[in-house]
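Each chain, letter by letter, is given below.
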Amino acid sequence: MHFCEVQKRLKKRGVLLSNSVIDRIKKTDWQLIILLLPGLIWLVMFAYIPMAGLKMAFYNYNAFAGFDGSVFVGLKNFQQLFQGQDFLRAFKNTLQIGVLQLIICFPFSIFLAILVTEMRSKFLPKITQTVTFLPYFVSTVVACGIVISFLSPSTGIINLLLNKLGHESIYFMVDPKYFKGIYVTMMLWKTAGFNAVVYIAALMGIDPSLYEAADVEGATRMQKIRKITLPCIAPTISVMLILELGRIMKVGYESILLLYQPSTYSTADVIGTYTYRLGIVQNNFGLSTAAGLFESVIALIMVIAANRISKKLSESSIW
Amino acid sequence: MIYTIITRLLGIIIVFLFFFPLWYIVIASFSRPYYVINGDVILWFKEFTLGAYQQAFQAKGIWRGYGNSVFITVFGTVTNMIFTTTLAFALSRKELPFRKFFNFFTVFTMLFTAGMIPLYRTLMNYNLIDTYWGNIIAFGINTFNVIILRSFFEQIPNDYFEAARIDGAGTFRTFFKIVLPLSKASLATVTLFYAVSRWNGYFWSSIILKSESKQPLQVLLKKLLVEQTDLMDLAQPVTSASLYAPTTIAYAIIVISILPMILIFPYIQKYFKTGVNLGGVKG
Numbered sequence: 001m002h003f004c005e006v007q008k009r010l011k012k013r014g015v016l017l018s019n020s021v022i023d024r025i026k027k028t029d030w031q032l033i034i035l036l037l038p039g040l041i042w043l044v045m046f047a048y049i050p051m052a053g054l055k056m057a058f059y060n061y062n063a064f065a066g067f068d069g070s071v072f073v074g075l076k077n078f079q080q081l082f083q084g085q086d087f088l089r090a091f092k093n094t095l096q097i098g099v100l101q102l103i104i105c106f107p108f109s110i111f112l113a114i115l116v117t118e119m120r121s122k123f124l125p126k127i128t129q130t131v132t133f134l135p136y137f138v139s140t141v142v143a144c145g146i147v148i149s150f151l152s153p154s155t156g157i158i159n160l161l162l163n164k165l166g167h168e169s170i171y172f173m174v175d176p177k178y179f180k181g182i183y184v185t186m187m188l189w190k191t192a193g194f195n196a197v198v199y200i201a202a203l204m205g206i207d208p209s210l211y212e213a214a215d216v217e218g219a220t221r222m223q224k225i226r227k228i229t230l231p232c233i234a235p236t237i238s239v240m241l242i243l244e245l246g247r248i249m250k251v252g253y254e255s256i257l258l259l260y261q262p263s264t265y266s267t268a269d270v271i272g273t274y275t276y277r278l279g280i281v282q283n284n285f286g287l288s289t290a291a292g293l294f295e296s297v298i299a300l301i302m303v304i305a306a307n308r309i310s311k312k313l314s315e316s317s318i319w
Numbered sequence: 320m321i322y323t324i325i326t327r328l329l330g331i332i333i334v335f336l337f338f339f340p341l342w343y344i345v346i347a348s349f350s351r352p353y354y355v356i357n358g359d360v361i362l363w364f365k366e367f368t369l370g371a372y373q374q375a376f377q378a379k380g381i382w383r384g385y386g387n388s389v390f391i392t393v394f395g396t397v398t399n400m401i402f403t404t405t406l407a408f409a410l411s412r413k414e415l416p417f418r419k420f421f422n423f424f425t426v427f428t429m430l431f432t433a434g435m436i437p438l439y440r441t442l443m444n445y446n447l448i449d450t451y452w453g454n455i456i457a458f459g460i461n462t463f464n465v466i467i468l469r470s471f472f473e474q475i476p477n478d479y480f481e482a483a484r485i486d487g488a489g490t491f492r493t494f495f496k497i498v499l500p501l502s503k504a505s506l507a508t509v510t511l512f513y514a515v516s517r518w519n520g521y522f523w524s525s526i527i528l529k530s531e532s533k534q535p536l537q538v539l540l541k542k543l544l545v546e547q548t549d550l551m552d553l554a555q556p557v558t559s560a561s562l563y564a565p566t567t568i569a570y571a572i573i574v575i576s577i578l579p580m581i582l583i584f585p586y587i588q589k590y591f592k593t594g595v596n597l598g599g600v601k602g
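From first to last, the protein sequence lines are chains S and E. Just so you know, we're using our numbering here: the first sequence kicks off at 1 and counts up by one. Just so you know, we're using our numbering here: the second sequence kicks off at 320 and counts up by one.
A couple of the hints might just be wrong.
Calculated from the model, a selection of chain S residues having no Cβ within reach of chain E, i.e. all distances over 10 Å [what the hints assert, rightly or not]:
(1) 103
(2) 154
(3) 266
Only pairs whose alpha carbons sit at most 27 Å apart, straight line, appear in this in silico DSS-like list of lysine-lysine [unchecked claim]:
(4) E:529 x E:379
(5) E:419 x S:311
(6) E:496 x S:26
(7) E:379 x S:312
(8) E:589 x S:27
(9) S:92 x S:55
(10) S:177 x E:542
(11) E:419 x S:26
(12) S:92 x S:177
(13) S:8 x S:27
(14) E:413 x E:496
(15) S:126 x E:589
(16) S:250 x S:311
(17) S:122 x E:529
(18) E:542 x S:26
Just so you know, these hints were derived from the structure itself, not from any lab. Remember, it's a predicted structure, so these values are computed and weren't measured experimentally. The C-beta atom is built at its ideal place from N, Cα and C for all residues, glycine as well.
Chain E with its partners taken away, still in its complex shape (with noise of 0.2 Å):
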């Protein structure tokens, strides 16, 4: 009996330490900054306002930030999906020539990377530097996702290959009419782990997205959150009566960053979920 307080007790400790960062960053952006400041706003907001609000959707560049990490999200994901699936779609099947030789070749890139000047060099090269499809297709593959596809789809019973061939399907028929609908658990996590990863993605946005008017949001919010230059411009001196100071327009941002996150989060939990268990990490 006291074992089960005792868990439950430290789940709810765990919880609020947890949650706490989150939640105080959303009391905070909707409360006057001067309360804020006095560290008077800790479990609630105080003065609500939307004052920090109005200020954030005012940076500089914030629209087209979005609008540049939409594009990249999305065409990223897909390019990353066409990639990962036909490679761990390829390696699963017996009938691959050289199939082990293709498999270490591929298991190969994660253990050992070229490492962040080459690749930069390389890109270089191919002249990528400074373009959307650089940024795309130069981290098109995430090795690990094609594990976790590949597992998955050796896992498919032989008999719905037997049943296809049998029919006189070829291969990419099979490919796209039978394993790829059978696999949608497994493709909706790794869509995802892609997703998230080019949505938030910064460091390498920065380095080959030189032109500002190319940056994803996430390298705008570096400039506002971490270096913090241009947050001044948004802001006024703090007295009781302003309605936003740096500090709360700060929050302000985190929150509406955060926001498509949040939104598909229940989406992302549901399939996790059983994603992991199929694809999953076996002994």
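The following block holds chain S by itself, in its conformation from the complex (with noise of 0.2 Å):
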């Protein structure tokens, strides 16, 4: 209230500026903005600014020399990417294990959803729900050491089991053809629970009044399921599906990593661990980006194409 009263003075005495751009500075809300800058400035710096360095996928990238020293080559990276085994591959391995993973965890988190609100016990929903939302919190790295461990060849329980029903050790590990199960399974492990919450709790969303019209009806629990539950929780389910679409190129590379080995390269090897090869490790900055960048644009297409989809089915998206 003070600053106003010297505003009008100063005002009066021409001093300061016209009153319409007074009044829209004063009317923006500038704490609101100071809360926004934080959060912004961090988006510009760590978000933005590094799609700048998108730019290396178009060069030879030298790390020592910077963009200046560097040669700029066009299309060839994406041309040598193509042309090669590795990427090409990688890329196979991508779409395969990321469609795997979506077919058998994605429905099996719905169903676990729907198996602990139709058990009609006090007690085993509890425990079903904790115990599959445990492993969640495991890390990466225990998850996949647990992996290896049981998986030993020689103290691995699950060989040693084996070992009992009179079949001799498998080197899991090391075998190509095993790598999209284990992978599969231990994000299942991981990943059941924690989803199913989501969709335990659109479940508990659901009008009751709507199954007890059906019980008037005469309906089996089956149909209540497939006419009323799993309509009204569609729209979770294609929000989830969009997300989960657009995670499904980046397909935990960061547990393939502790997992592969050179010798199960041929199933396991995805875009980012080949792109973490190509460029953390053998430095060639230009290529490596050149993967990541294809591997973020597909990402992208694939979101706004479900999106789109889900749109026009269902009328749900993200945005």
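Starting from the two chains in their separate frames, assemble the complex, guided by the hints.
Set out below in structure tokens:
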């Protein structure tokens, strides 16, 4: 209030700016803008400025010489990627593992959520939810450590059980044909319960009178699930699916990095791990950035497509 | 009736399958290696021994790793919450100039990222490699969490803001004294998301924090459990009398490193349920 008084006097003396500009400046909530700034600056510094580095994909980039000391090569890096075996193999594996994960883990979470709500008991649903939820909090490193220990040919519990049944030990971690199954099983263990929580929350929101009406009509439990439960959580499923598709290209390279071996590259190497080897290990920034750029663009296209389709089919979407 | 039996049976099977890995690790870590390796330890201990744990606690760098992890988790989560909460709140207010643009600006980062190598190069340019601060600030915002909080803030009834405005409170005061206290459940959820992510993260920690002295627990675990270097140093050859072996030591290490998560797990469960509902995934 005091500030306004001073302003009025200064305006009367023709010292300050005209009223309309002042009004607009005063109307702006400066405190709100200050709250916006930290996050905004962060986004610029750590999300957008790095995007300028995508230029490296078009250079034969030399990390020591920077852009000035590097040769512009246009699309040559991409040419090299698509003509070589390794990148195409990584791309194929990314899609295969991603799709496998999608068709196994995604429906299972929904199944788990419905199972928990259909159990009609006080005790079991809580235990089921807790036990399936817990593995999510086991770190990537520890989960992979568990997998490696369990599958060890000499001391791992899986092989010990196989031996007891008269079977010889299987060298799971070095044989390419097991990798995808191992990875997807681990991801199922880790994420099923966590994703189920989202669906359980949605299931809790379904109006009970819908079920009562169905009871009056003599519907069976399966019919109720198909005609009431699933349609009611369809929007939730759509959004989760879109998010999942957006992540498909990223296919947990952090875990794969810990689990794979050169002998399993043929089925285990994905774009993320390939990019890591090229870039961080071999310091081939240009080629590695090209691979990463390809991955990011495909992921973007997939999310946009999924969002459009979801809008058309169920009127729910992320934006 | 039979339907209920089947669902309960499936539930029991799932509980068993999901829990068994963790259970096995616990019992194997407390058993004599001879029996573990012979396959005699399946559902219960055999010859209880603390040998594996004694050795596990002597693992080189384990206390340093723990300390680093605690440091990174605490300061990292605080930093994350400061950036995320303020941004989410600003984006949720209709009075924000260019609101649509800023929202798109934020969401876009969730859809398209610069990628591993460009980010690494940027961090090199900022001179953040091999610094704790680099690890903390470089992952200051997870856009998904911003959206969760923004959704929640948007749902706060306007009456609160009207009342605050009438009382003469500025935006800062409204934010700190009204909005934040109202949002405890969502804030707790997002805080837990960040804390878990910080504690469990290994990939970027291993790339950014090059000095061994700065590496958090997970990076050390990677060496012990995955690459299994240093693990042999802790062990002795397995005889029927030995109290520990690489396998059981590995299991003991796993138990020790999961312990913090297990301890806060009940709290996580409590808040996640409310948080997911409120923030939540909506149609």
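Against the structure, the hints come out as follows:
no., hint, verdict
1, 103, "holds (19 Å)"
2, 154, "violated (7 Å)"
3, 266, "holds (21 Å)"
4, E:529 x E:379, "holds (17 Å)"
5, E:419 x S:311, "holds (20 Å)"
6, E:496 x S:26, "holds (23 Å)"
7, E:379 x S:312, "violated (57 Å)"
8, E:589 x S:27, "violated (42 Å)"
9, S:92 x S:55, "holds (25 Å)"
10, S:177 x E:542, "holds (26 Å)"
11, E:419 x S:26, "holds (21 Å)"
12, S:92 x S:177, "holds (15 Å)"
13, S:8 x S:27, "holds (16 Å)"
14, E:413 x E:496, "holds (19 Å)"
15, S:126 x E:589, "holds (12 Å)"
16, S:250 x S:311, "holds (24 Å)"
17, S:122 x E:529, "violated (50 Å)"
18, E:542 x S:26, "violated (58 Å)"
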